[in-house]
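The listed protein sequences correspond, in order, to chains A and B.
All letters in the first sequence, in the order written, are residues 1 to 293 by the numbering used here.
All letters in the second sequence, in the order written, are residues 1 to 378 by the numbering used here.
Where hints are given, some of them may not hold.
Stated by the list, open to error - Okay, the calculated bits of chain B under chain A, using three or more residues with CB under 8 Å as the criterion:
{"#": "1", "region": "35-46"}
{"#": "2", "region": "195-204"}
{"#": "3", "region": "208-217"}
{"#": "4", "region": "235-245"}
{"#": "5", "region": "252-258"}
What the hints assert, rightly or not - Some chain B residues close to chain A (C-beta under 8 Å, calculated; not the full set):
{"#": "6", "residue": "E226"}
{"#": "7", "residue": "A229"}
{"#": "8", "residue": "R230"}
No lab work stands behind these hints, which were simulated from the structure alone.
Quick reminder that beta carbons are idealized off the backbone N, C-alpha and C, glycines included.
Here's the letter readout for the chains.
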Amino acid sequence: MMSQFLQVLLSGLATGSIYALVAIGFALVWQAAQTINFAQGEFVMLPAFLVLVGLNYFDLPLWGALLFGLGMSVLILGAAFKKLVVEPILPHGGITLVIATIALGILIRESVKEFYSAEGQPFPSVLPSDPINIFGAVVSLQDILNLLLSLGIVVLLTLFLNRTRTGRCMQATAQNPAVAEILGVDVKRMVLYTFLINAALAALASFLITPVYLAKFSNGETLGLIAFIAAIVGGFNQIRGALVGGLLIGVLDNLVATYVTAEYRAALPLILLILIILVRPQGILGTPEGRAV
Amino acid sequence: MYSKFALALGTALLTLVGAAQAQEAVEIGVVVELSGAGAPAGTNWRDGIRIAVDEINAEGGILGKPVKVTEYDTQTDPQISRALVQKAIDGRAYAIWGTIYSGSTLVNMLVAQQNSVPQFVGSEAPTIVEKGNPFVFRTSSGAQKGVPALVPYFKDTLKAKKVGVAWVNNEFGRGGRNVFIAEMKKAGIEVVADVPSEQAQTDYASDVSKLKQSGADAVFVYMNQEESARFLIEAKKQGLSMPLIGEVTLTEAKVIELAGPAAEGAIAHVGITATADQVEGIAAFREKFVKTFKRVPTHDAIKGYIGAWTTKYVTELVGKFDGEAFSEKMHGLCLPATKYPRILLDTCWDNRGEMSRPSFMVQVRNGSPVVIGTVPAN
Chain A
1 MMSQFLQVLL
11 SGLATGSIYA
21 LVAIGFALVW
31 QAAQTINFAQ
41 GEFVMLPAFL
51 VLVGLNYFDL
61 PLWGALLFGL
71 GMSVLILGAA
81 FKKLVVEPIL
91 PHGGITLVIA
101 TIALGILIRE
111 SVKEFYSAEG
121 QPFPSVLPSD
131 PINIFGAVVS
141 LQDILNLLLS
151 LGIVVLLTLF
161 LNRTRTGRCM
171 QATAQNPAVA
181 EILGVDVKRM
191 VLYTFLINAA
201 LAALASFLIT
211 PVYLAKFSNG
221 ETLGLIAFIA
231 AIVGGFNQIR
241 GALVGGLLIG
251 VLDNLVATYV
261 TAEYRAALPL
271 ILLILIILVR
281 PQGILGTPEG
291 RAV
Chain B
1 MYSKFALALG
11 TALLTLVGAA
21 QAQEAVEIGV
31 VVELSGAGAP
41 AGTNWRDGIR
51 IAVDEINAEG
61 GILGKPVKVT
71 EYDTQTDPQI
81 SRALVQKAID
91 GRAYAIWGTI
101 YSGSTLVNML
111 VAQQNSVPQF
121 VGSEAPTIVE
131 KGNPFVFRTS
141 SGAQKGVPAL
151 VPYFKDTLKA
161 KKVGVAWVNN
171 EFGRGGRNVF
181 IAEMKKAGIE
191 VVADVPSEQA
201 QTDYASDVSK
211 LKQSGADAVF
221 VYMNQEESAR
231 FLIEAKKQGL
241 SMPLIGEVTL
251 TEAKVIELAG
261 PAAEGAIAHV
271 GITATADQVE
281 GIAAFREKFV
291 KTFKRVPTHD
301 AIKGYIGAWT
311 TKYVTELVGK
321 FDGEAFSEKM
331 HGLCLPATKY
341 PRILLDTCWD
351 NRGEMSRPSF
361 MVQVRNGSPV
371 VIGTVPAN
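From just these sequences and the hints, can you work out the full model?
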């Protein structure tokens, strides 16, 4: 029984940490452009297919294909997204941009479907998938490594934002772009960095989750929704909030499916969302006044 | 002046030729899951049909008329499938080939029935042939015939006393699960874990952990292809050690491709499989399919192929394009493979449209499904 609890908890934390990576992306884009990127789920789905293009069309080794996928993701989902979608549309208002990201999500989804078929595709695991024995309990090594890697990325990102000059400039830009500019911060560059980081996080989440979920054009629909809810539950304007929200949903989902009901597990994030909106609208770690990285 | 006249004449001639061809061709509606969760199955079904139609047309069509197929994508949505069956029939379809997902078939087969249009389906839920619809015909045995064929394997080969069942919560999965539980009860084997999962579910961590904890000697896995692959991947991650036995999908080529090494050792009873290349017709179909589509056909591809060829054989036995006469002929019909080679194996349909033919036990070994035994027709 203990072994089962340990495995379920571990699986929940591992999946939750990947949700957290995606949820952090929501928070970052909110900070940079004051908009919600509803194509975020597709931003996680696409990099896996870019890796498959590297593997199957350019015959790259796995590490080369992963680098190719990461590079292309940063270019397409970071730089090009900012230049071609956010910059031209943002002056027309946040709602217009939200609608544009919904359209972008559909475009990415349907393009992948057209180009790579509607069928799921196998995706190589970057981590070992054999189980290991911990105190008599056989648990998944892949889950442990997924969790450590995701948390490591979050720690590095937090250190970068808090301990480096560029990171602090990005925070200043998020809090008050006008004042930051007066103080000599290159606001446009900082906003670009935010989009690039979001794209890189989405790509890393993609590489970790796709070996289990399989590469499929529709993967972004569920992932995007759960990560969006995780960001709200944790606090939309806080990176640590997104982390808490992601982990919470991952763990609760697995615990409920194992010990309460598997049939209604899909409803759990929505129930959590309703509770948070009723009890603490700013999210578990969010602040009511708004924006601070 | 002359050029205008020539253009008008040309257009008129083309229209006449087109109209004549359209009049002569036999319209068939392929209504199937080409996107959504059912896309892997539907795409194979369609491609098997494409090969069959090329062959049929090369051999003079049906009763001398070429076959013209229109493909409709149900998006794995039962309501859309119903509308598309109606659309195909409005387009004067002589027969409907599809759908595969039982939830869709249960909804759309009423439309074909109301219009007396024969319908070949890839669905395996027991309820399909229990509704008294004389126009629906299977292309593989239903779960109520396929699953019982597994009982001797659990009882005599594995000597299982306790089993678990992991199933997808749709019409297909529910049907198979119900038959399995009833059969285990009859065989005196205790079902210690009954684990449903949702269609298109991605996270199987809790499902696998429940089975792991149940103390089952073996697990019956009854899911669609992508779900089966995700389940196998999670089972490997968590080190699920008991044998995993499925019906049809678990050892399909697509599942093996998706699950990779996680599929190793999985066993399934399959109505028909492209790996049974000791059967001449199956080997020939497989070769043609691989050459055309650069991939190995799944059982759905063979089912689509058989549905198409059965339409030709039976229509020619009837001697006319008449849905009601076709339906009457099908009930209680047996087509021996020696006389009707593209039927691949000796096949019979009972008076409900259920089919019966020899089947196979298959295991994944070194990344490929291998036939480890045959099961006589029941």
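Taking a Cβ-Cβ distance under 8 Å as contact, does the region 208-217 of chain B have three or more residues in contact with chain A? Our answer is that it holds, as 4 residues pass the Cβ test (under 8 Å) against chain A, meeting three.
Given that the region 195-204 of chain B was listed as covered by chain A, double-check it with a C-beta distance under 8 Å for 3 or more residues. Our answer is that it holds, as 7 residues pass the Cβ test (under 8 Å) against chain A, meeting three.
Hint B:E226 vs chain A: min CB-CB distance below 8 Å? Holds, because the Cβ-Cβ distance from B:E226 to chain A comes to roughly 5 Å (cut-off 8 Å).
Are there three or more residues in the region 252-258 of chain B whose C-beta lies within less than 8 Å of some C-beta in chain A? Check passed, 3 qualifying residues.
Test coverage of the region 235-245 of chain B by chain A using CB-CB distances below 8 Å; three residues minimum. With 4 residues closer than 8 Å to chain A, the region 235-245 of chain B meets the three-residue bar; holds.
Supplied contact hint for B:A229, tested at 8 Å Cβ to chain A: At about 6 Å, which falls below the 8 Å cut-off, the nearest Cβ of chain A leaves the hint on B:A229 intact, so it holds.
Does the closest beta carbon of chain A sit nearer than 8 Å to the beta carbon of B:R230? 6 Å, holds
If you count the residues of the region 35-46 of chain B with a beta-carbon closer than 8 Å to a beta-carbon of chain A, do you get 3 or more? Holds, because 5 residues of the region 35-46 of chain B bring their Cβ atoms closer than 8 Å to Cβ atoms of chain A.
In terms of the numbered hints stated before, the structure departs from none.
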